[in-house]
Amino acid sequence: MSIKIGEFVFPGDVLRDLTVVNGVILKGPGLHSHEEPNCLLVTRAGILCFKSPNTYWIDGQQKRYYPKRGDLVVGIIKKTGNICKVDIGSSELSSLSMLSFEGATKKQKPDLQVGDIVYAKLLSAHREMESELVCIDSYYKAGKLGPLSNDGFIMNISLNFVNRILDINCPLLKTLGQKYVFEIAIGMNGKVWINAKKTKDILNLMNALLAAEQESNSNIIKACKQYAS
Amino acid sequence: MEQKKNAKLSRAVLDMKFMKRTKERVEKEKDDAEGEAMYANEITQAMRKSGNINLTEVSIATCKDLIEGRLSFNGMNPDIEKLMTDYHQKFIKAEKTKETEVSDVEMAKSYSSTIQTFGNKFETKRNRNKNKFLKPSDDF
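As you go down the protein sequences, you meet chains A and B in turn.
Everything in the first sequence is counted per full-length UniProt numbering, starting at 1 for the first residue and increasing by one.
Everything in the second sequence is counted per full-length UniProt numbering, starting at 1 for the first residue and increasing by one.
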């Protein structure tokens, strides 16, 4: 019995007959290498997805964030020092070196207090080790990363909703961008930081996100179209 | 040549100064042979086979082609808006794919018109002129 793309799979299912390009398969969340060679083991319940040429992943419900290398996350600083501890919503606090900011030296470090918020990238995420964050890219430039201002507001949304609104086909953020003057940082870990000129706007944006979380994708698109026209 | 490589050299010869590289090679070969013999029992058929496919773990963002979550609208943070080219590019790309899904017929139409334009190019100037400037009929 072979499993087709788009089918609902359960933990323990084994995928055979995989599409391989140059001997490489990219596996997303919910898949693990099987004892049997050239097979994938499903470790999470959900829909099996495939993107050409060679990417497989499981699209399922997930509540707890677990760090993945390369993810962009929003974190709250819990402990300061040469190496900060940052809460990114995973099972463990993650570490962020003070030197991994743009232009930081041993003498000149960014001024971060407990409770400050940073937008950072996961440099390493291994299940047996503490995950490590950085606020610079490989060219030592900050880009979009770095500390977020204290005027903003932080809230939590579900991980699935993060994936939905960060999809380019979802018009929600763009439609909100037409009405409000605001900036937003959405972490893959479900933490969202919003900043706008007026407190009322922030509250409105928060309510919009919370309301959209309960709606289906088609309803969001419909509502946005109604607003845009 | 083959025999030369396999020929065993005595230690006295290998210790000579100019034999340094050969000595290194001989030692490495010896090490490799020892290592293979040691682990021969533990290498299963499956392990030999599993080299066929390499698995690379990627995050959900790469799987689903998600955009970066740091956005700014209407000039709230100009620095971020400058860096949002990635977002705009993806958005334009998405719009384009949406459009192409609708307008297959339009594509065919525009393609046939291109054929005509190219056809004009290969016609001689005289022919083209003949087609273009028809004498007005006498009705006017």
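Heads up, a few of these hints could be off.
Subject to a maximum C-alpha distance of 27 Å in a straight line, what follows is the list of computed DSS-like cross-link-like pairs (lysine-lysine) [claimed, not checked]:
#, chain 1, residue 1, chain 2, residue 2
1, A, LYS225, B, LYS23
2, A, LYS222, B, LYS98
3, A, LYS79, A, LYS106
4, A, LYS85, A, LYS51
Chain B regions said to be covered by chain A (calculated; three or more residues, Cβ under 8 Å) [claimed, not checked]:
#, stretch
5, 26 to 33
6, 70 to 84
Simulated from the structure, these hints should not be mistaken for lab results.
Model, not experiment: these values are computed from the prediction.
From the three backbone atoms N, C-alpha and C, an ideal C-beta is built for every residue, glycine too.
Hints violated by the structure (numbers, ascending): 1, 4, 5
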